[in-house]
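Using the hints, position chain B against chain A.
There are 2 protein chains.
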Amino acid sequence: VGARRVTEALLADGRELVYFDEREGVDRIVHDTRRLDSPPPPSVVRHDPLLDEWVAIAGHRQGRTYLPLADECPLCPSVAGRQTEIPSTDYDVVAFENRFPAFAGVDSGASAGLPGEDLLVEQPGTGRCEVVCYSSKHDAAFSALPSSRVLTVIEAWVNRTTALSRLPGVEQVFCFENRGLEIGVTLQHAHGQIYGYPYLTSRTRRMLNSAARYLERTGRDLFADILAAEIKAETRIVARSGAWTAFVPFAARWPLEVHLYPDRQVRELGDLTMLERAELAEILPAILRRMEALYGGSVPYIAAWHQAPVRVSRDLAYLHMEIMSPRRAPGRLKFLAGSESAMDAWINDVSPETAASALRAIPG
Amino acid sequence: VGARRVTEALLADGRELVYFDEREGVDRIVHDTRRLDSPPPPSVVRHDPLLDEWVAIAGHRQGRTYLPLADECPLCPSVAGRQTEIPSTDYDVVAFENRFPAFAGVDSGASAGLPGEDLLVEQPGTGRCEVVCYSSKHDAAFSALPSSRVLTVIEAWVNRTTALSRLPGVEQVFCFENRGLEIGVTLQHAHGQIYGYPYLTSRTRRMLNSAARYLERTGRDLFADILAAEIKAETRIVARSGAWTAFVPFAARWPLEVHLYPDRQVRELGDLTMLERAELAEILPAILRRMEALYGGSVPYIAAWHQAPVRVSRDLAYLHMEIMSPRRAPGRLKFLAGSESAMDAWINDVSPETAASALRAIPG
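These protein sequence lines map, in sequence, to chains A and B.
Just so it is clear: in the first sequence, position 21 is 3 by our numbering, and no numbers are missing.
Just so it is clear: in the second sequence, position 288 is 270 by our numbering, and no numbers are missing.
Worth flagging that the hints you see were computed from the coordinates, not collected in a lab.
Quick reminder that beta carbons are idealized off the backbone N, C-alpha and C, glycines included.
One should not assume that every hint holds.
[Unchecked claim] What follows is a set of in silico ranges between Cβ atoms, one per label pair, in the way DEER data are often shown:
| no. | chain 1 | residue 1 | chain 2 | residue 2 | range |
| --- | --- | --- | --- | --- | --- |
| 1 | A | PRO312 | B | ASP89 | 46 to 52 Å |
| 2 | A | HIS42 | B | ASP89 | 46 to 52 Å |
| 3 | B | ALA122 | A | ARG296 | 52 to 58 Å |
| 4 | B | LEU(-8) | A | THR47 | 35 to 41 Å |
| 5 | B | THR47 | A | ALA206 | 40 to 46 Å |
[Said to hold, decoys possible] Facing chain A, a subset of chain B residues (Cβ under 8 Å, in silico):
| no. | residue |
| --- | --- |
| 6 | LEU32 |
| 7 | SER147 |
| 8 | ILE165 |
| 9 | LEU204 |
| 10 | ILE208 |
| 11 | ALA286 |
[As the list claims (entries may be wrong)] Chain B regions said to be covered by chain A (calculated; three or more residues, Cβ under 8 Å):
| no. | region |
| --- | --- |
| 12 | 223 to 235 |
| 13 | 310 to 320 |
Isolated chain A (complex conformation) (with noise of 0.2 Å):
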């Protein structure tokens, strides 16, 4: 596990991008030559009082690139006579600030809220969002790609996961990868993103005060108990090497739903061992290739990394990445219709058990 080359750019319209590269000797363009349009209006997040949420209002977001041909691809390097967003030639693994982002920029401390109004309370959407490519090859697959590849998609984690933590006012780093057009995936090649929240998630805190909660009763860690549970119970693991254990959760919400913890509690991915991460490079591929095998061809699927939040509950925190697709059958998806979307209900039409015991039974 060799450390990569890091080198920094700025893109014409001001935006940060960041390449990893794994060979010494590569000359990457820092200097972007377009003329680009100025960076979108930002955009606000609202308070939702009923759920005590908060939601973003990104207008700007309605014009993005939707789905170009591949010769037109954003995310491809720049070749002679076309400029895309890498202004490089090639590339191995780079990070840049989206052109359209949910959260931008940094608080200046000025807003609070709609005077007057403490049931409509607005503040400016700042933060960040970035897109990871992990190959400059426009097809390529994270399920596909080498140990070598994932380890340097791994260190880039982590320096965003660093750099976004340092500013001011981001609360919370998520690492994540959309895949598919069944899941609206606009962009077809092969990236991530990286959002900074400028507050804690919903889910985090729900999770964290969970764990709280559990703690108090117990003494004990609840992340923790739970991998201990289903390591246990055995019927709903799907893979386990030294260091990981990947399952099927007991109350899977997703017809194909992985959850993979290191067994060891770590707070964020910068805190993985080399070995750690030398074994995470070759489990989260294969068990995305289980996935794909399972109905046969490509899946669409969420793949999100929980890590603790930049300032707040971090010893509460316990690492790991949960896997959904809904894929429940060979060319039928689940939907998220009246009982999941309006009363946060969910109904799973495929057992854990059943979803464990066929990823199970493919060869790794």
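Below, chain B without anything else, positioned relative to chain A:
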């Protein structure tokens, strides 16, 4: 507003069916002469300790009827040579137990979690799932129903809310409609559904917790104050009648989202006065017609009634409907990807004021 004639029947496999007729003198068939397979195995509900939510696992639903051709529709009336779920040759409105229910049966009280494991808790998936057909016409739409028919649907909602609330173990009754292939509707005949959940749903619990905190802090009702704030702000109002107000919420999650509140605090549909019902029968289809007109033609949507739970926190509840659509432009949908699905951090690409203004501009 005349009372409807209610006729109860039993389907061949023991499921309940209730006709709601607008005219006297109709004679509905109450004997279902089909030979039906025995009911599917019961589902279970499992507790997710991380989010403190129940998830239903209903493996049998994988085999449910999926997009039948119009001449095989199980929700059309029976005709000579083809018997459907509705034994009669015609009906106005009919409600019956879903053949592939997520929740069914009555809790025997025998089960309370797996022995020795307080993290892996499972209960029987008791409760009730009903289908409500709005019209014997296969291609009817709620938005095009005459107000007299909407009143019949309201009477069915009230009747079934009362009936399901009396079932042992049902904690909450949820009347809703999923409409449109885009959100996964598997039967195209115009219909809604009613769920009797064996638990308080996570969404309702969170809303009522917010209302309880607000009451403690201010001595006032959260829902009533939100409605008052929206009426005062004006910019997000879609339509008002004497007794109802429809608005796009300040922190709307969906690109097309309308909330409909009675101006008077009401706990559940059965508490609406005849005048409030009559106005509802006008304003609700009119809102749906505006949503359809916005992007031309049909619009996928979820329309969800929030009523008071059966037993707890009833005084905190405020009856209202939330209508949500993923349509963000002609031919384009919002998808719930990583931020929404993994972090509950919604990003809305359409500003609520823009949506409300566009909906207002459409002739009612």
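Cross-check of the supplied hints:
Taking the beta carbon of each, PRO312(A) and ASP89(B) are about 36 Å apart, not inside 46 to 52 Å as hinted. Between HIS42(A) and ASP89(B) the beta carbons are some 51 Å apart, a value that agrees with the proposed interval 46 to 52 Å. At roughly 55 Å, the beta carbons of ALA122(B) and ARG296(A) sit within the given window of 52 to 58 Å. Remark: the range hint 35 to 41 Å for LEU(-8)(B) to THR47(A) is contradicted by a beta-carbon distance near 57 Å.
A hinted range of 40 to 46 Å holds for the C-beta pair THR47(B) and ALA206(A), which are about 44 Å apart. A least Cβ separation of about 5 Å between LEU32(B) and chain A falls short of the 8 Å threshold, and the interface hint therefore holds. The closest approach between the C-beta of SER147(B) and any C-beta of chain A is roughly 16 Å, which is over the 8 Å cut-off, so the hint fails. The restraint placing ILE165(B) at the interface with chain A holds, with a minimum CB-CB distance near 5 Å, inside the 8 Å limit.
Proximity of LEU204(B) to chain A holds as hinted, the smallest CB-CB distance being about 6 Å (cut-off 8 Å). Among the interface hints, the one on ILE208(B) holds; its C-beta lies about 6 Å from the nearest C-beta in chain A, closer than the 8 Å criterion. With a least beta-carbon distance of about 3 Å to chain A, the hint placing ALA286(B) at the interface is held under the 8 Å criterion. For a cut-off of 8 Å, the count of residues in the region 223 to 235 of chain B with a CB near a CB of chain A stands at 5, and the three-residue condition holds.
Note: the region 310 to 320 of chain B has 9 residues with beta-carbon separation from chain A under 8 Å; the three-residue rule is met and the coverage holds.
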